[in-house]
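Asker: Sequence:
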Amino acid sequence: MKYRTLGRTGLKVSVLTMGTFTFGGRGDFAMVGSQSVDDARRLVDLCIDNGVNLFDTANMYSLGRAEEILGEVLDGRLNEVLITSKARMKIGDGPNDEGFSRHHLIRECERSLKRLRTDHIDIYYMHEWDGLTPLDEMLAALDTLVSQGKVRYTGCSNFSGWHVMKSLAISERDRRPRFATQQIHYTLEAREAEYELLPISVDQGLGVLVWSPLAAGLLTGKHRRGQDTPKDSRQFAGWTEPPIRDAERLWDIIEVLVAVGERHGVSAAQVALAWLLERPAISSLVVGGRNEAQFRDNFKAVDLKLNDQDRIELHAVSKLPFIYPYWHQRNFAKDRFCQADLALHADYADG
25 MKYRTLGRTG
35 LKVSVLTMGT
45 FTFGGRGDFA
55 MVGSQSVDDA
65 RRLVDLCIDN
75 GVNLFDTANM
85 YSLGRAEEIL
95 GEVLDGRLNE
105 VLITSKARMK
115 IGDGPNDEGF
125 SRHHLIRECE
135 RSLKRLRTDH
145 IDIYYMHEWD
155 GLTPLDEMLA
165 ALDTLVSQGK
175 VRYTGCSNFS
185 GWHVMKSLAI
195 SERDRRPRFA
205 TQQIHYTLEA
215 REAEYELLPI
225 SVDQGLGVLV
235 WSPLAAGLLT
245 GKHRRGQDTP
255 KDSRQFAGWT
265 EPPIRDAERL
275 WDIIEVLVAV
285 GERHGVSAAQ
295 VALAWLLERP
305 AISSLVVGGR
315 NEAQFRDNFK
325 AVDLKLNDQD
335 RIELHAVSKL
345 PFIYPYWHQR
355 NFAKDRFCQA
365 DLALHADYAD
375 G
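My numbering numbers the first residue of the sequence shown as 25 and each following residue consecutively.
If you're looking for bench data, these hints aren't it; they were derived computationally from the structure. Note that the structure is predicted; figures quoted are calculated from it, not measured. A couple of the hints might just be wrong.
Claimed, not checked - Quick list of simulated restraints, FRET-style, between CB atoms:
id, residue 1, residue 2, range
1, 283, 119, 46 to 54 Å
2, 348, 51, 40 to 48 Å
3, 348, 266, 22 to 30 Å
4, 116, 320, 22 to 30 Å
5, 51, 197, 35 to 43 Å
6, 283, 51, 32 to 40 Å
7, 50, 337, 39 to 47 Å
In this text, a Cβ means the ideal position worked out from N, Cα and C, and glycines have one as well.
Hey, can you work out the whole structure from these sequences and the hints?
Answerer: Take a look at the structure:
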């Protein structure tokens with residue numbers, strides 16, 4: 025395993041994080057997985073044995089059951105690892121069962137701590153944007169949790185660029201703890217983060233964790249053009265994230281992933297993960313799995329080295345439209361780009 029520093033912090037995280045999305049199987053999460061305590065323990069042990077030190081969960085995963093399972097499995101070993109959790113999503117029918125209010129965030133953090141059997145959460149993410157609650161209220165609540173020792177670092181997830189920057193500006197204005205990281209969706213199929221979120225991370229020193237780096241299994245090579253959806257997949261069960269707007273483009277990307285993998289003697293999944301690990305500001309990829317074989321395959325991506333030809337082919341098949349104002353900046357400002365600009369522009373220098 026390899027480790028990277030999380031943004032501007034001194035925290036070292038493994039480049040692969042174990043996701044617990046499949047723990048519990050309550051409600052709609054049953055479409056993804058329904059791992060029991062025994063199943064989870066085997067997978068967690070495997071990850072720890074292979075150097076994974078970061079475990080990702082959320083209060084909404086299986087309505088809290090994922091946190092309970094992770095807490096039980098890690099009981100007595102919490103000093104060996106780091107835990108992330110999240111709050112904001114709707115977790116009940118009450119008017120205050122979602123959002124960034126001080127009431128909701130402090131209550132949900134305390135509930136998560138109880139389920140996780142710990143006195144602190146290492147990274148606490150704001151799971152989704154809430155445009156109704158003032159950001160100064162959210163940041164004050166997080167300041168309280170940090171001051172009380174219940175949270176070590178804070179982050180955001182699924183924010184747009186202006187959401188991130190406004191949050192950082194208010195935290196600095198009010199002298200609140202600033203986000204150390206953001207957790208985003210970013211894959212060869214979904215490269216929109218390159219427009220704003222990656223440049224912001226480079227410029228502002230945010231670590232980046234990537235959720236669903238294999239696009240819910242679509243980029244593993246198991247899904248192929250003209251073939252039936254595999255019966256053991258999330259898609260066959262009815263899962264609809266991430267949205268695929270151009271199916272032909274997806275199949276083209278998968279074909280290149282498979283071809284690059286064959287040249288290296290590795291899986292398409294390993295190629296997709298290795299490509300992400302080379303991208304700007306990336307700290308760790310949150311990988312899940314239903315069995316040990318999937319995790320063992322993912323672990324091998326850490327040591328996979330792509331060559332220039334691999335990168336050229338992967339970029340050519342997956343690049344996004346070069347939208348305004350970026351084409352205008354390339355035409356008139358490219359001689360004054362900083363490293364943050366290059367998080368996008370370096371790949372699109374050929375237009």
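Asker: Hint by hint, note whether the structure agrees.
Answerer: Each hint, compared with the structure:
no. : hint                  : result
1   : 283 / 119: 46 to 54 Å : holds (53 Å)
2   : 348 / 51: 40 to 48 Å  : holds (41 Å)
3   : 348 / 266: 22 to 30 Å : holds (24 Å)
4   : 116 / 320: 22 to 30 Å : violated (38 Å)
5   : 51 / 197: 35 to 43 Å  : holds (39 Å)
6   : 283 / 51: 32 to 40 Å  : holds (39 Å)
7   : 50 / 337: 39 to 47 Å  : holds (41 Å)
Figure legend: structure checked against the earlier numbered hints; the only hint not met is number 4.
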